[in-house]
Structure formats: structure tokens, C-alpha cells
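A.B. asks: Starting from the known structure of chain A, arrange chain B with the ligands on it as the hints suggest.
Residue numbers (this note's numbering), protein chains in the order written: chain A, 1 to 214; chain B, 1001 to 1321.
Because the hints were derived from the structure by calculation, they are not lab data. Any given hint could be a false lead.
[As the list claims (entries may be wrong)] Which bits of chain A does chain B cover? Going by a derived footprint, with three or more residues having C-beta under 8 Å, they are: (1) 39–52; (2) 150–158; (3) 186–199.
The C-beta atom is built at its ideal place from N, Cα and C for all residues, glycine as well.
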Amino acid sequence: MQEISKTGRVVVVIAVLIILGLLTAVAVSYMQGAGTGDRSNLETWTPGGTQHEVTINRPDLMPMVDSGKKDRQGNPVMIRCNNCHDTKEPNTLTESAANLKDFHQHMSFRHNSLKCASCHNPEDYESLRLADGTTVSFSNVMQLCAQCHGPQFRDYNNGSHGGMTGYWDLSRGPRQRNNCVDCHDPHAPAYPKVMPVFPPKTRIGTKGGEGAKH
Amino acid sequence: MSDNKKESCGSGCGCHNGAPDESLFNRRNVLKAAGATLGVAAFAKAMAPITEWKETTSVDEFLQTHYRELSNDQLDEVIARLEEETKKDYGADVTITDHRPQMGVKFGYALNLSICIGCRRCAEACHHENNHDRATSNSYIRVLEMTKGSMDMEKGNVHYDHPVPHPDKFYMPVQCQQCDNPPCVDVCPVEATWKEEDGIVVVDYNWCIGCRYCEAACPYHARRFNWKKPVVPKNEINPNQSYLSNRIRPQGVMEKCTFCLHRTREGRMPACLEACPTGARVFGNLLDPHSEIRKVIDTKRVFVLKEELGTRPSFFYFFDE
Ligand code: SF4
Ligand code: SF4
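Isolated chain A, as found in the complex:
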């Protein structure tokens, strides 16, 4: 009789302790109240206010052509366009380097059947010319490309063509955008082939080249 009630007492004590423990836990969780799960005080995004700038890269180098000669350090000697073109009578029908006597010979043009003067301004070779005769600077080259590449220009303006960095939320920071010629060589505008980087590691037990397996 005595023995049984001793065991019984131990069981009761343990049970009471466990119940106390659980009650403490409940109390603690009530006392803590709302944790980070309470999102009633989240900030609300507001589009208005001052917007940071979207800067478009601009090619600002003086346009030059490779003379084919090297200086003493072995660097190519570059010549300003107007050094020659100031006085030379332009042939507006030229479309390949093979037809030229000086310089330019190393260049190859793979931009449809455009003539040099389709884009370069024959009155001032250090600027460009639109189809309607308007002169544009090299740094505004996008205006020139847009004449033929309307859909790309539209997509660029809608933010879905051309790389960028910075902020999606212009109320919090600026954005920097590529210019057409950052990616496309105007003389051979097809985007060049590249070797892919960062090959995925094959996990032991899977075969490479088999496809995407988790």
C-alpha cells in the first residue's frame, strides 16, 4: 500500500510539473505578444515625391580611326577623323573598306547594306547624321539607331531591352543604363557569341549533360 502511493506521488509530481511547464509556456507566449509576425506597422510604399535620375551611358570619346601604324610602345596610332576628312571630298557611296585607299582597311562592316554616310556626317566626320539630315553627336548615337530599330527603342524606353544597374524604386536611388553601342558594335551589331561562365558542378551519382535534375 505504502509502496504504491509512493510511485503514485512521483507520477503526480511529474504530471504537475509538466502541466506547470506548459502553462508557463502559454503565459510566456501571451506575454510576448506580437513578434515580427505582426505586420500591422509595415511601411507603405509611395511612388510620388522626388525621383532620382536615370543616367544613360554616353560614349564621350573623340571618334578616331586606326592608322595601321604602331607607336614606339607598340600601341596603334589613332587619327582624328577630321584630320583627313576636313579637306577630302567624301564619296557618300562607299560601303566597304576595300574601296578605300587609306586607313579603315582593317575594318569589316556587317550592318546590312548601309553606306558609311548612312550614319556618318560627310560634312563633319566627327558627328553623325540622321536620315533627315539632322546632325547628332556621337554621344547621342541612340537617336540614330532608333531610326531603324523602332521596336528595340520602344522596348528600351519601356525598360525591357538593355542592361542596367541601380534602383527599381527611383524614389530611393538612381539608375544607370546602357547605351546601344555598349553592347552592339555599330559596324557589326549582332551580339557576339561568348563562352558561358560558371559551369554547374555535376553532383556525384548524376550524369553530366543529362539535363536539369534536382
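C.D. replies: Same frame as chain A, but now just chain B with the ligands:
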């Protein structure tokens, strides 16, 4: 696709998917109760063989509560502890922030398949931005090489190794689609993963028990498991970290793309977008009618992957016309 039907844990437990604070007898309370009864250390020791308890797990970490139940003070303590641990284990000084979502923001991502050249720079950027294990070259992005005319992502090849783009192929990077109806969240038996107010599906790495149900449930193969403790050289660690995103994950837990919430909740672009040399990626706020992402959705013929599964992704694909 066939092996990726939406799964439940199969135990008939009726896996719950309510808010994390709904259940009273969750892991925290049970542990606390037992701890109060037996003494924390003794209890933890006693449980050691049957829990994820490891030599490296501190008592604090073991008893840490669910992220969404932490008070702000508790969270500060947890973050201080995590920063200290990173210093101890990796030698790096890092800042872990708790970036909260904003109301009025729902993130969307779109990818122009006509422009993507398959260079994998996005996958590489993810690897560095998110402090992935160097040995496994882990990344949340897989770029699939697809045969023109096919849209079945299960037929894509990730192991291509030749100059890109190949003229007969197109390239489809796949990462977490931040589904509005995420099967990965439904199957989690401990509610360690959930969808936040801005649409990002996150994981509390300290609550995850590593059962990998979510990995099996995700139809996009978007989840990654930390088989080993991640190895990242000290000087390569990205010190700008967030509790729910790129802090260094412990071994044995699940992780996934968070749309770089440590950047995007600060208004910045995700790392994969900034790394993309072609501008194939468009990111922004779906709730802002003037955003770039909305312009894409309004003017392009966008589609989502495996639409028939009803996962409702926030990630869209399109081709130029
Ligand atoms: S894509 Fe992302 S949100 Fe959708 S099921 Fe997979 S992990 Fe979950
Ligand atoms: S970085 Fe851009 S172009 Fe390269 S694979 Fe990724 S999305 Fe495609």
C-alpha cells in the same frame, strides 16, 4: 514534371498552413515547457539523438523561436548572436538586417527569352551575392539550354559548354517563381517557410528541420539543400546580409531565391539583373501601374512555367515579337 505533383507529407497529419502563431503546441512551446520542467541543458542533452542537435548548436539557437514570433528585442539578440557566430566561424564582419516588406509592393520578375544568350552571368552573380557554398558552385538560378520549339523545362540541359547562343537553341534561366499558390509552403510540416506580404517566399533557416518536403513539392526545382556547412572564403563573403535571405545558412536546412530581398527591399535591383549583360531581365513592383514590369505584362505576350499546376508564379517569360 510527372514526379513533381504537389505533395503532402503523407502521414495524414493534415499539414497546417495557417499563420505560424496559430498553433499553441508548436516546437517552441513544447521545448519551453519541457525545458522549464527538466532544466534546459539536461533536456537538450536528453533530446540530442533524436533532434537536429549538434555539437555546434548552442542552447540559445536550439531554443530560438520562429522568426514571426520573435519580439523585436529577441530578434536583435538573435541577430547579434548570428553576427558573432559568422565572425567566429568565417572571420568576417557582417551586418545582418531584418528587412521587412512594404505594403503596396508586390515583386514581379520577367525574362526576355529572345534576348537571353545563356551566358550564366546571372547564376554566377547569385552565387557571390548570396554567400553560396564555393565547393558545390551553388546558385539559385539554373540556365536551361532549350531546343527551339520546345517549352518543356524538364527537357532543358544545364551542362552546355560551347559558345552561346547556339543558333538552334534558346536559353531559359529558372529560379524561384515566388508562386502566389506555393506548394512548397503547403507541405512544410513546421511552417518554416511562408509567403511574405510583398510576395517573396522565405525560409526561417533556424526553424527549418531539413525534411526536404518543400524541395520535392516545388515543380521548378528552385529549392536547395545545404548538405554541408557552406564554405566561403572570408574575403569573398558578402557582408550585407539579411535574416531571411543571404546570411550564411546552417548545415541541414533548405534555402531558395528570395529575389535578393536584402537589396530589393531597399529599392535596389536584384544581383542577377545587374549582372545580366543583355538586359534580358525586368524587375519591379507589380502594384505600380507605371513600373517596367507592368509595362512588360501589359504589352508583351507573357507566359508562366507549368501554368497547368496552378502555382501562379510571379515570374514571367516572354519573347520579342
Ligand atoms: S518556385 Fe518558389 S514559391 Fe514556387 S513552389 Fe518552388 S520554391 Fe515554392
Ligand atoms: S545573365 Fe542575362 S543573358 Fe546571361 S544567362 Fe542570365 S539572363 Fe541570360
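A.B. asks: Does each hint hold? Answer for all of them.
C.D. replies: Each hint, compared with the structure:
no. : hint    : result
1   : 39–52   : holds (count 7)
2   : 150–158 : holds (count 3)
3   : 186–199 : holds (count 8)
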